[in-house]
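J.: First to last, the protein sequences are chains A and B. Each residue of the first sequence is one higher than the last, beginning at 1 in the working numbering. Each residue of the second sequence is one higher than the last, beginning at 1 in the working numbering.
Just so you know, the hints here were simulated from the structure itself, not pulled from any lab data. Among the hints, erroneous ones may be present.
Once the Cα atoms are required to be at most 35 Å apart in a straight line, the calculated DSBU-like pairs of lysine-lysine come out as [to be verified]:
{"no.": "1", "chain 1": "A", "residue 1": "Lys290", "chain 2": "B", "residue 2": "Lys185"}
{"no.": "2", "chain 1": "B", "residue 1": "Lys261", "chain 2": "A", "residue 2": "Lys392"}
{"no.": "3", "chain 1": "A", "residue 1": "Lys334", "chain 2": "A", "residue 2": "Lys395"}
{"no.": "4", "chain 1": "A", "residue 1": "Lys230", "chain 2": "B", "residue 2": "Lys232"}
{"no.": "5", "chain 1": "B", "residue 1": "Lys232", "chain 2": "A", "residue 2": "Lys334"}
{"no.": "6", "chain 1": "B", "residue 1": "Lys219", "chain 2": "A", "residue 2": "Lys179"}
{"no.": "7", "chain 1": "A", "residue 1": "Lys352", "chain 2": "B", "residue 2": "Lys261"}
{"no.": "8", "chain 1": "B", "residue 1": "Lys185", "chain 2": "A", "residue 2": "Lys334"}
If you're wondering where the values come from, they're calculated on a predicted model, not measured in any experiment.
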Amino acid sequence: MSDKPVKVSEACTGCGICITACPFGSITITNNKAQINDTCRVCGACEPVCPVKAITIKKSDAPQSFADWRGILVYAEQREGGVHPVAYELLGKGRELAANLGEPVYAVVIGNGLTKAAEDLIKRGADKVLVYDHSILATYRDDPYSQILTEATRELKPSILLIGATSIGRTLGPRVAAKLHTGLTADCTSLDIDPETRLLLQTRPAYGGNIMATIYTQNSRPQMATVRYKIMTEAQPDPTHRGEIVNKLVDPARIQDRVKVLSFEAAKEQVSIVDAEIVVSGGKGLGEPKGFELIQRLAECLGGAVGASRPTVDNGWIDYRHQVGLSGRTVRPKLYLACGISGAVQHQAGMKTSDVIIAINKDKEAPICRISTLTAVGDLYEVVPRLIERIKEQKTRG
Amino acid sequence: MLSVGLNIVICIKQVPETTEVEFDKETGRLKREGVAAVINPFDEYAIETGLRLREKFGGKVKALSMGPPMAEQALRDAIAMGCDEGILVSDRVFGGADTWATSLTIAKAIQLTGPHDIIICGLKTTDGDTGQTGPEMAEHLGEPCISYVSQIFDVKDGKVTLKRNLDDGVETLEAPLPLIITVSKDIGQPRLATLRGRLAAKKAAIKHITNKEMGMNPKELGLEGSYTRVTKIFTPEPHAGGEVVEGTADMLADAIYRKLKEAKVV
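Using the sequences plus the hints, can you model the full thing?
T.: The following block contains the structure:
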């Protein structure tokens, strides 16, 4: 951290005038000397007020060169030592971008008991993994995790930092971006390299998926993005892939940790529509909450999970955890069966990358039909029971 | 601190009422004409949270918004719901800010409005959809941040205990004040404006903060102070539709079954 732009020289008398001038509370006096902490925004308010001219601010020499920022860094989220699959998706995309740029792929994993996780990340394509393994890091907290990821990023100096847009990633990302003084694009669904500028083109939905925006970060590094889960293709394990595992020292005394986790209660029902290979979803066309019993029966006989559109969740017909779409989960099953779902753009944003989409709908003009592999135009209450019979028939026949 | 209650700041944003926006293909700008502006629906939950905290612990609820002069209406609506005062952070040099520049500007403005115990933000906005401004602001202020809060249990001895939603479960946390939180919809249905509130909103003097009061370098603000740039805006490509079958329920079930076989799921 010697490259901080604000420096305090030995001339400092510890008078504290700068503390009152600092709008961000970034200055403390330790051993009669001003210390500038990580919240410093380099606003310059302290420099002119210092009576002994002990504070100097390095002016950034424009245009900045980022030639020494190389590589793609993937933050590998984990739970109890198991890598979250979104990290493998990021490695898949990361390898592609790295090949395009001719740069390495790094991963950082933070937690406790990470030996296997580190090996898995190498198999999935990381050239180097920084491992921060310590019992005090067993559960996720914003403060320590963001501090460590920030330090790891400063050490590796990657041109790109990718984080999965999970609930944890979406709160960790902004903390790290702000600490690093760089841009962050939320919830990207597509990443590319501009062939001319070699900048990362980060495309994401806005306005509830009604428009897409492509965003880049020009004047700071790394170029940071959180990336939607279940959009990119996972890197497959390759046992022959070699990489370096670096176990980093974690010093608890140096770690900021203000929020205490008192307890964690795992979600009761494991609906896991996100991991299901088959998702059968119901929408407003069900007409009543009881309709989900039929959807459940079809899902059961296909071995799939039950999904739902937002209006049914808003009406209290089914729990939020089933919700597919922009404000729910993104799913990418082999088969998505939409029953009585009109398929607003927000819903499509959560399922349109499914391999096969089948819609059962009375209205063949419904938006869902435009993206469906097959649309059956009819009453779901007539079609679904017959479909269930048909599947069961075949099963008994073997 | 608690003898005088909590100093609560709610960050709100004015957004278009509908997300069914269109944009001008020539200029690449969003067509905002004729689209009504409202408080970001997620922020109404933040307001509700603040009002409930005030009811339980006493104190004051300030609503603060960064935006164009017309965003004053959103602050009046917040007062109509029960907020004590409204502060508009507005200046031409703030325009075009990304989440970095926005969070920096709001952080500075909050510091100008006096001490606070808790800052409450909505989960995200319906226009930008990022959810980043709250956590980034926490870094600018040097305060902890807890996202997706679904319930606040207690505020005692300078500490708050609360519950938050994660993808795979629910956490109970304890954090020191001052603190920034973003709240989920589980926190409680936002109340409607009352008649008394509406009258108060009409009479309320909205405080304005411009960069004159903040005294920041304009290079750090707005578009110029942003690290990210939007290079292209477009409407998502419609996916090509496939086969459409009509007929009796038996025919439809057969057609679906054939597709299931093709996809090797039965």
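J.: Would you mind marking each hint as holding or not holding in the structure?
T.: Verification of the supplied hints:
Proximity of Lys290 of chain A to Lys185 of chain B is assessed by CA-CA distance (about 25 Å); at most 35 Å being required, the pair is judged to hold. Pair hint Lys261 of chain B plus Lys392 of chain A holds up; C-alpha atoms about 13 Å apart against a cutoff of 35 Å. The hinted pair formed by Lys334 of chain A and Lys395 of chain A meets the criterion: a straight-line CA distance of about 20 Å does not exceed 35 Å. Proposed proximity of Lys230 of chain A and Lys232 of chain B is supported: the alpha carbons are some 24 Å apart, at most 35 Å.
Restraint check for Lys232 of chain B and Lys334 of chain A: the C-alpha separation of about 32 Å stays at or below 35 Å, so the hint holds. Distance check on the hinted pair: Lys219 of chain B and Lys179 of chain A sit about 19 Å apart at the alpha-carbon level, within 35 Å; holds. Straight-line distance between C-alpha atoms of Lys352 of chain A and Lys261 of chain B comes to about 21 Å, which keeps the hinted pair within the 35 Å bound. For the hint pairing Lys185 of chain B with Lys334 of chain A, the CA-to-CA distance comes to about 31 Å; that is within 35 Å, so the pair holds.
Comparing the model with each numbered hint stated earlier shows that all of them hold.
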